[in-house]
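Starting from the given sequences, assemble the full structure and let the hints guide the process.
Chain order of the listed sequences is A and B.
According to our numbering, the first sequence is numbered sequentially starting from 1.
According to our numbering, the second sequence is numbered sequentially starting from 1.
In short, the hints are calculated from the structure, not lab data.
Each residue gets a CB set at the ideal place from its N, CA and C atoms; glycine is no exception.
Check the hints yourself; a few may be wrong.
From the structure, some residues in chain B lie toward chain A, with a derived Cβ separation under 10 Å [what the hints assert, rightly or not]: (1) 162; (2) 177; (3) 187; (4) 200; (5) 208; (6) 209; (7) 210; (8) 214; (9) 216; (10) 217; (11) 221; (12) 310; (13) 312; (14) 317.
Derived pair list, reagent style DSSO-like, types lysine-lysine, alpha-carbon separation capped at 30 Å [what the hints assert, rightly or not]: (15) A:104 <-> A:114; (16) A:54 <-> B:206; (17) A:114 <-> B:206; (18) A:18 <-> B:206; (19) A:94 <-> A:54; (20) A:134 <-> A:116; (21) B:112 <-> A:104; (22) B:206 <-> A:104; (23) B:112 <-> A:134; (24) A:130 <-> A:159; (25) A:94 <-> A:130; (26) A:121 <-> B:206; (27) A:216 <-> B:317; (28) A:54 <-> B:112; (29) A:94 <-> A:104; (30) A:134 <-> A:159; (31) B:112 <-> A:94; (32) B:206 <-> A:116; (33) B:112 <-> A:130; (34) A:216 <-> A:234; (35) A:130 <-> B:317; (36) A:117 <-> B:206; (37) A:159 <-> B:206.
Only some residues are given here: those of chain B computed to face chain A with a beta carbon under 8 Å [stated by the list, open to error]: (38) 54; (39) 119; (40) 120.
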Amino acid sequence: MLELNNIRTSYGQIEALKGISLRIDQGEIVCLIGSNGAGKSTALMTISGILRPKSGSITFIGSNISNMPPHSIVEMGISHVPEGRRIFSRLTVKENLEIGAYTKKSKFKNQNSKLKKQYEKIFEMFPVLKERQKQMGGTLSGGEQQMLAISRALMSGPKLLILDEPSLGLAPIIVSRIFRAIREINHEGVTILLVEQNAHAALNLSNRGYVLESGKITMHGMGKELLNDEQVKKAYLGE
Amino acid sequence: MLPIYTYLIFSVLKPLLFLLKSSVFVQQVINGLTVGGVYALIALGYTMVYGILELINFAHGEIYMLGAYLGIIFLGFFTAIGLTSFSLPLSLFLAFILSIIFCSSYGYTMEKIAYKPLRNAPRLSPLISAIGVSIFLQNYVMLTQGATDKVFPHIVENAGLEIGGVSVTYIQLFIITVSVLMMLSLHIFITRTRMGKAMRAVAQDKTMASLVGINIDTVISVTFVIGSGLAAVAGLMVASYYGLVNYSIGYIAGIKAFTAAVLGGIGSIPGAMFGGIFLGLIESLSAAYISPEYKDAYAFIILIIILLIKPSGLFGKSQEEKV
Chain A
1 MLELNNIRTS
11 YGQIEALKGI
21 SLRIDQGEIV
31 CLIGSNGAGK
41 STALMTISGI
51 LRPKSGSITF
61 IGSNISNMPP
71 HSIVEMGISH
81 VPEGRRIFSR
91 LTVKENLEIG
101 AYTKKSKFKN
111 QNSKLKKQYE
121 KIFEMFPVLK
131 ERQKQMGGTL
141 SGGEQQMLAI
151 SRALMSGPKL
161 LILDEPSLGL
171 APIIVSRIFR
181 AIREINHEGV
191 TILLVEQNAH
201 AALNLSNRGY
211 VLESGKITMH
221 GMGKELLNDE
231 QVKKAYLGE
Chain B
1 MLPIYTYLIF
11 SVLKPLLFLL
21 KSSVFVQQVI
31 NGLTVGGVYA
41 LIALGYTMVY
51 GILELINFAH
61 GEIYMLGAYL
71 GIIFLGFFTA
81 IGLTSFSLPL
91 SLFLAFILSI
101 IFCSSYGYTM
111 EKIAYKPLRN
121 APRLSPLISA
131 IGVSIFLQNY
141 VMLTQGATDK
151 VFPHIVENAG
161 LEIGGVSVTY
171 IQLFIITVSV
181 LMMLSLHIFI
191 TRTRMGKAMR
201 AVAQDKTMAS
211 LVGINIDTVI
221 SVTFVIGSGL
231 AAVAGLMVAS
241 YYGLVNYSIG
251 YIAGIKAFTA
261 AVLGGIGSIP
271 GAMFGGIFLG
281 LIESLSAAYI
291 SPEYKDAYAF
301 IILIIILLIK
311 PSGLFGKSQE
321 EKV
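Structure follows, in C-alpha cells:
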C-alpha cells in the first residue's frame, strides 16, 4: 500500500534520514520504533509531504506521492496525527472535527449521511467528545485531546492512518484506551503506521515493526519477533 | 489588571459624563463612528493577514487608496454614460462591486508576486517587499492619475437628518450601516463557513492545517482577497465622505488602521473591529474637547498607553510558546 524507497531527508546540512526503505501492506499495523532523534517523526512528516525528501520515492497505492503537497496527500487517503496532538485550541471540539473533514468539500455541512455516520462512529468510540462538542479544543485534557486528534484524522476517511506518539504523556489507563481504539480502527479496515516510544505496547499491537537508528532502518520483522529480540530488548524494552 | 482598567475608564469617562447631555458629544460620537467604521474595515485587512502570515502588509493602505480612485473612475464613467441620473443606487452599487473586484485582484496579485516567493525567507524580507509594493502603488497611481487632488463626483447630496442640534448626513448613516454590515458578514463568514474555519485553523497552526488537507496557498489568497475587498469599500466610502482623493491618502489611513489593529490586538478580528471604532471615537472626541490640531497624535498617545498596560493589545492573546 505504502512503500518508501531509499528516502533521504535533511534539515539544511543535517541529514535526518539516510536512505530508509519500508513497506506497509493493506490492513496492517506497522510500528516504527527508535530512540529520540532517530528520525521517526521526520519519516512521518516526509510521508505526509510536510518535508520534502532529497532523494528516493514514496509510492501510495500505485502513485508517487513524494512531490505532492500535503493537502493532496490527505485527499489521496493518508491522515496524520502528529506528535503533541496539535489540536486547534481556539476551535471547538465540533469545529476541530469539521475541519478534519475539510477534504470532504460539499459534504462539509453535515448533511451527508456518510459524514453523519462518521460522527456517530467517533462519538461511539469516544463518548466524551460528544459531551464536549461545544468546548474549545484547548480546554480538553491530554487524553481527550489525543482522542480528538485521532478522531479529527479519521474524519477525512483515510485508508492509512499515521500516528506519532499517541501515548506520549498520558496516564496508563488512557494509553490502553487509545491502543484499544487503534485496534478498533484497524479492524474497520484502516491501515496503521504507528510511531511509539512505548515500544512494548506498540510491538504487541503491531503485525510488523521497523527499528530506526540515527536515520537508518537497522532491523525489521514481525512484532512478536522484535519483542523477543535480544538487541531490541536491551535498547528499547529496558530488559 | 482589572482595577487599573476600571480606574482608567472612569477617569476618562468622568469628565465626559458632564458633557453627555450636550449635543456636541452626540455629534462627535456620530462623527467618530463614521471614521471608526472605516478604520475598522481597513484594520481587518491588516489583522487577518497578520493572523495568517505574521506579516504586516504595509501595502494595505495603498489598496484602500486604489479603492477610492477606482470609485471616482467608475462613478465618473457612470455619470458620463448617464447611469447615475438613471439610478443612483444602482450606479453606487456597481461602483462598489467593481472596486471590490479590482482591489481584490490587486491584493491577490500582490501576494503572489511580492509575498509568496518570500514565504520561507527571514521575516524582515516580506516586510521590506511590502514597503516596496506600497511605494510602487503610490507612484503608479501618481503617474497615471496625477499628483493633484481629485474631486469625488458630487452625486450624493450633503443632506441629512437633524435631531436636537445633532446633524447626521446620509453619507454618515450609509458609512456606519455599511461598515456594520461588512463586519457582521465577515464575522459570519469566519465562524460559520468551511473556508472561514479553515482560515482560523491556518492562523493557529499552519502545519496541522495542511495535515488535515487544507491548501494553505488558497487560504492565504482568500485572506488577501477579502482584506482588499474590505479596503476597497473603505476607500470608496471615505472618498465620498471627504470628497477629495490623493495618491498619498493610503499612507496615513494605513498607519491609523494599523494602529487600530495593534490597539485591538493584532491578529484578532474582533480586536480590529473594536480598535478601529475606538480610534475613531478618540479622534473625534479629543478633537472636539481638547484641541483639533493634535487630532492625529491622540490616537498614538492612547496606543502607547494601552501597549504599556497590555502589550498584546486589548483583545490580543499573548503568544503561546510553540514546542
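Verification of the hints:
Contact between residue 162 of chain B and chain A, as hinted, is not supported at the beta carbon level, the nearest pair being about 46 Å apart and thus beyond 10 Å. For residue 177 of chain B, the shortest C-beta to C-beta distance to chain A is roughly 30 Å, which exceeds 10 Å, and the interface hint is violated. This hint is violated: residue 187 of chain B has a C-beta 15 Å from the nearest C-beta of chain A, more than the 10 Å allowed. The closest approach between the C-beta of residue 200 of chain B and any C-beta of chain A is roughly 6 Å, which is under the 10 Å cut-off, so the hint is satisfied.
About 4 Å separates the beta-carbon of residue 208 of chain B from the nearest beta-carbon of chain A, less than 10 Å, and the hint is met. Interface hint status for residue 209 of chain B: upheld, as the beta-carbon distance to the closest one in chain A is roughly 8 Å, under 10 Å. Evaluation of the residue 210 of chain B hint against chain A yields a held restraint, the C-beta minimum of about 4 Å falling below 10 Å. For residue 214 of chain B, the shortest C-beta to C-beta distance to chain A is roughly 5 Å, which falls under 10 Å, so the interface hint holds.
Satisfaction of the interface hint for residue 216 of chain B is found here, the shortest Cβ-Cβ separation to chain A being roughly 8 Å, below the 10 Å cut-off. The criterion of a C-beta within 10 Å of any C-beta in chain A is met by residue 217 of chain B, whose closest approach is roughly 8 Å, and the hint holds. For residue 221 of chain B, the interface hint is violated, the least distance from its beta-carbon to any beta-carbon of chain A being 14 Å, above 10 Å. Nearest Cβ of chain A to the Cβ of residue 310 of chain B: about 19 Å, over the 10 Å cut. The hint is violated.
Taking 10 Å as the C-beta contact cut-off toward chain A, the hint placing residue 312 of chain B at the interface is violated, the least distance being around 14 Å. For residue 317 of chain B, the interface hint holds, the least distance from its beta-carbon to any beta-carbon of chain A being 8 Å, beneath 10 Å. At roughly 10 Å between alpha-carbon atoms, residue 104 of chain A and residue 114 of chain A fall within 30 Å of each other, so this suggested pair holds. Our distance criterion of 30 Å between C-alpha atoms is met by residue 54 of chain A and residue 206 of chain B, whose separation comes to about 22 Å.
Proximity of residue 114 of chain A to residue 206 of chain B is assessed by CA-CA distance (about 28 Å); at most 30 Å being required, the pair is judged to hold. Among the hinted pairs, residue 18 of chain A with residue 206 of chain B is consistent with the structure: their alpha-carbon atoms are about 27 Å apart, no more than 30 Å. For the proposed pair residue 94 of chain A and residue 54 of chain A, the alpha carbon gap of about 38 Å is over 30 Å, so the pair is violated. Between the alpha carbons of residue 134 of chain A and residue 116 of chain A the distance comes to roughly 17 Å, so the proposed pair stays at or under 30 Å and holds.
Restraint check for residue 112 of chain B and residue 104 of chain A: the C-alpha separation of about 27 Å stays at or below 30 Å, so the hint holds. Note on residue 206 of chain B and residue 104 of chain A: the hinted pairing holds, with a Cα-Cα distance of about 19 Å set against a maximum of 30 Å. For the given pair, residue 112 of chain B sits about 37 Å from residue 134 of chain A by alpha-carbon distance, which is inconsistent with the 30 Å threshold. A threshold of 30 Å between alpha carbons decides the hint, and for residue 130 of chain A with residue 159 of chain A the separation of about 24 Å falls inside it, so the pair holds.
A distance of roughly 8 Å separates the Cα atoms of residue 94 of chain A and residue 130 of chain A; the hinted pair therefore holds under the 30 Å criterion. Using a Cα cut-off of 30 Å, the hinted pair residue 121 of chain A and residue 206 of chain B holds, with the two alpha carbons roughly 28 Å apart. With a C-alpha separation of about 42 Å, the suggested pair residue 216 of chain A and residue 317 of chain B falls outside the 30 Å cut-off, and the hint is violated. For the hint linking residue 54 of chain A to residue 112 of chain B, the alpha-carbon distance of about 26 Å falls within 30 Å, and the restraint holds.
A distance of roughly 16 Å separates the Cα atoms of residue 94 of chain A and residue 104 of chain A; the hinted pair therefore holds under the 30 Å criterion. Of the supplied pair hints, the one linking residue 134 of chain A and residue 159 of chain A holds, its CA atoms being roughly 28 Å apart against a limit of 30 Å. For the given pair, residue 112 of chain B sits about 33 Å from residue 94 of chain A by alpha-carbon distance, which is inconsistent with the 30 Å threshold. A hinted pair counts as satisfied when its Cα atoms are at most 30 Å apart, and residue 206 of chain B with residue 116 of chain A qualifies at roughly 27 Å.
For the given pair, residue 112 of chain B sits about 41 Å from residue 130 of chain A by alpha-carbon distance, which is inconsistent with the 30 Å threshold. Distance check on the hinted pair: residue 216 of chain A and residue 234 of chain A sit about 18 Å apart at the alpha-carbon level, within 30 Å; holds. At most 30 Å may separate the alpha-carbon atoms for a hinted pair to count; residue 130 of chain A and residue 317 of chain B meet this at roughly 28 Å. Note on residue 117 of chain A and residue 206 of chain B: the hinted pairing holds, with a Cα-Cα distance of about 28 Å set against a maximum of 30 Å.
For the proposed pair residue 159 of chain A and residue 206 of chain B, the alpha carbon gap of about 23 Å is at most 30 Å, so the pair holds. Below 8 Å, beta-carbon pairs count as interface contacts, and residue 54 of chain B has none with chain A, the closest being about 16 Å; its hint is therefore violated. Restraint check, residue 119 of chain B versus chain A: the minimum CB separation of about 13 Å is more than 8 Å; hint violated. Residue-level restraint check for residue 120 of chain B is violated (minimum Cβ-Cβ distance to chain A is 12 Å; threshold 8 Å).
Of the numbered hints listed earlier, those contradicted by the structure are 1, 2, 3, 11, 12, 13, 19, 23, 27, 31, 33, 38, 39 and 40.
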